[in-house]
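Novice: For reference, the chains in residue letters:
Protein chains: 2
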Amino acid sequence: MFKRILVAYDGSNGAWEAIGKAAELAKITGAEILVLTVYRHHSMLEASLSMVRGSDREGGSLDDTMRAVAREAAEEAKAQARELGAEKVQAFIKGGNYARTIVSFAREKGCDLIVVGSRGLGSSEGYMLGSVSHKVTSLTDTPVLVI
Amino acid sequence: MFKRILVAYDGSNGAWEAIGKAAELAKITGAEILVLTVYRHHSMLEASLSMVRGSDREGGSLDDTMRAVAREAAEEAKAQARELGAEKVQAFIKGGNYARTIVSFAREKGCDLIVVGSRGLGSSEGYMLGSVSHKVTSLTDTPVLVI
Chain P
1 MFKRILVAYD GSNGAWEAIG KAAELAKITG AEILVLTVYR HHSMLEASLS
51 MVRGSDREGG SLDDTMRAVA REAAEEAKAQ ARELGAEKVQ AFIKGGNYAR
101 TIVSFAREKG CDLIVVGSRG LGSSEGYMLG SVSHKVTSLT DTPVLVI
Chain D
1 MFKRILVAYD GSNGAWEAIG KAAELAKITG AEILVLTVYR HHSMLEASLS
51 MVRGSDREGG SLDDTMRAVA REAAEEAKAQ ARELGAEKVQ AFIKGGNYAR
101 TIVSFAREKG CDLIVVGSRG LGSSEGYMLG SVSHKVTSLT DTPVLVI
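Respectively, the protein sequence lines represent chains P and D.
With UniProt numbering applied, the first sequence covers 1 to 147.
With UniProt numbering applied, the second sequence covers 1 to 147.
These aren't lab readings, by the way, just hints derived from the structure by calculation.
Fair warning: there could be bad hints in the mix.
Straight-line alpha carbon distances no greater than 25 Å define the calculated SDA-like cross-link-like pairs of lysine to any residue that follow [to be verified]: (1) Lys21(D) x Glu17(P); (2) Lys21(D) x Glu32(P); (3) Lys3(D) x Ile28(P); (4) Lys27(P) x Lys27(D); (5) Lys21(D) x Phe105(P); (6) Lys27(P) x Glu75(P); (7) Lys88(P) x Met1(D); (8) Lys21(D) x Thr142(P); (9) Lys3(P) x Phe105(D); (10) Lys3(P) x Thr142(D); (11) Lys27(D) x Gly85(P); (12) Lys94(P) x Met1(D); (13) Lys88(D) x Gly30(P); (14) Lys3(D) x Glu32(P); (15) Lys3(P) x Asn97(D); (16) Lys27(D) x Met1(P); (17) Lys3(D) x Met1(P); (18) Lys21(P) x Asp63(D); (19) Lys3(D) x Glu32(D); (20) Lys27(P) x Glu24(D); (21) Lys27(D) x Glu87(P); (22) Lys21(D) x Thr140(P); (23) Lys21(P) x Phe105(D); (24) Lys21(D) x Glu75(P); (25) Lys27(P) x Glu87(D); (26) Lys3(D) x Asn13(P); (27) Lys3(D) x Glu108(P).
Residues of chain D clear of chain P, computed beta-carbon distances all greater than 10 Å [said to hold, decoys possible]: (28) Asn13; (29) Lys21; (30) Ile28; (31) Ser61; (32) Asp63; (33) Met66; (34) Arg67; (35) Glu76; (36) Thr137.
Here a beta-carbon is modelled for each residue, glycine too, at the ideal position from N, C-alpha and C.
Using the sequences and the hints given, assemble the complete structure.
Specialist: Here it is, written out as structure tokens:
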């Protein structure tokens, strides 16, 4: 029934459980899994946290660090999905807004299910505005499994 | 992986699609399906719509009508799930608040997945407060599939 499952992984416990559930679904449906870890660009973080701008070089190296951390998380999740028996697993990283990036990536890749943790790291940024999982379900027509 | 799937059915197109997806999942997992149609008690509707109170007898007959409509919807959804190949399907109706009733029923029955349409009939009641699917994911620890 599902052919291509996108799992959003941000390193949180909820996202870890989402990987497990996606792997179980992949095993019984034969679906492939796309793990996506979204990171914030340094410039976006900076704009939201401070008026102080670093030099371009500092910004670049911070972005590099965030990309590296995201890559490590995505690869960790990919390894876990394989460990749990999913056969086709790929890992991706993208910079940007969590929910919008997840939804546009799912559309771009033709995913027919999005799996997200109910309380990811990103949810702390906007408790009153709703969590990332709420935003994802609001922004997409693709079925969303909230773990 | 799933053993007992609760599908919330309110007669909306989204809920109809939720029945279809739940039936597919039931077929590949062997899970049983519990269809739940939640209706509002007359007294709750009345309180929210009007200051005019009907007699107890009128209230009673309105509640009876709403129960009958809910029963018809739940049975229609049950028939559809069976038509789509789900083997074990039961239909239930409950009066009360949509999201809270769905979540407490799922807990009571030991369901390991809740399937809901993303835009049910109930969502019009609280657009600014979030839809029923958002409320369900906020209120439960059980995985929720939003269709």
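Novice: Each hint: holds or not?
Specialist: Results for each hint:
1. Lys21(D) x Glu17(P): Within the cut-off at roughly 22 Å; holds.
2. Lys21(D) x Glu32(P): holds (18 Å)
3. Lys3(D) x Ile28(P): Holds - the C-alpha atoms of Ile28(P) and Lys3(D) are around 14 Å apart, at most 25 Å.
4. Lys27(P) x Lys27(D): Distance of about 15 Å is within 25 Å: holds.
5. Lys21(D) x Phe105(P): The hint holds at about 22 Å.
6. Lys27(P) x Glu75(P): Holds. Lys27(P) to Glu75(P) sits at ~19 Å (cutoff 25 Å).
7. Lys88(P) x Met1(D): holds (19 Å)
8. Lys21(D) x Thr142(P): Holds: Lys21(D) and Thr142(P) sit about 12 Å apart, inside 25 Å.
9. Lys3(P) x Phe105(D): violated (31 Å)
10. Lys3(P) x Thr142(D): holds (24 Å)
11. Lys27(D) x Gly85(P): Holds, because 21 Å separates the two Cα atoms, which is no more than 25 Å.
12. Lys94(P) x Met1(D): The hint is violated at about 31 Å.
13. Lys88(D) x Gly30(P): holds (24 Å)
14. Lys3(D) x Glu32(P): Within the cut-off at roughly 23 Å; holds.
15. Lys3(P) x Asn97(D): Distance ~35 Å between Lys3(P) and Asn97(D) Cα, so the pair is violated.
16. Lys27(D) x Met1(P): holds (10 Å)
17. Lys3(D) x Met1(P): holds (17 Å)
18. Lys21(P) x Asp63(D): violated (40 Å)
19. Lys3(D) x Glu32(D): holds (6 Å)
20. Lys27(P) x Glu24(D): Holds, because 15 Å separates the two Cα atoms, which is no more than 25 Å.
21. Lys27(D) x Glu87(P): holds (22 Å)
22. Lys21(D) x Thr140(P): holds (17 Å)
23. Lys21(P) x Phe105(D): holds (22 Å)
24. Lys21(D) x Glu75(P): violated (30 Å)
25. Lys27(P) x Glu87(D): holds (22 Å)
26. Lys3(D) x Asn13(P): Status holds; Cα separation ~23 Å.
27. Lys3(D) x Glu108(P): Given pair Lys3(D), Glu108(P) is violated - Cα atoms ~33 Å apart, limit 25 Å.
28. Asn13: The claim holds: Asn13(D) sits with its nearest Cβ about 12 Å from chain P, beyond 10 Å.
29. Lys21: violated (6 Å)
30. Ile28: violated (5 Å)
31. Ser61: Consistent with the label, Ser61(D) stays out of reach of chain P, its closest Cβ about 38 Å off (over 10 Å).
32. Asp63: holds (32 Å)
33. Met66: holds (28 Å)
34. Arg67: holds (30 Å)
35. Glu76: Nearest chain P Cβ is 22 Å from Glu76(D), so the label holds.
36. Thr137: violated (5 Å)
Checked against the numbered hints given earlier, this structure breaks hints 9, 12, 15, 18, 24, 27, 29, 30 and 36; the rest are met.
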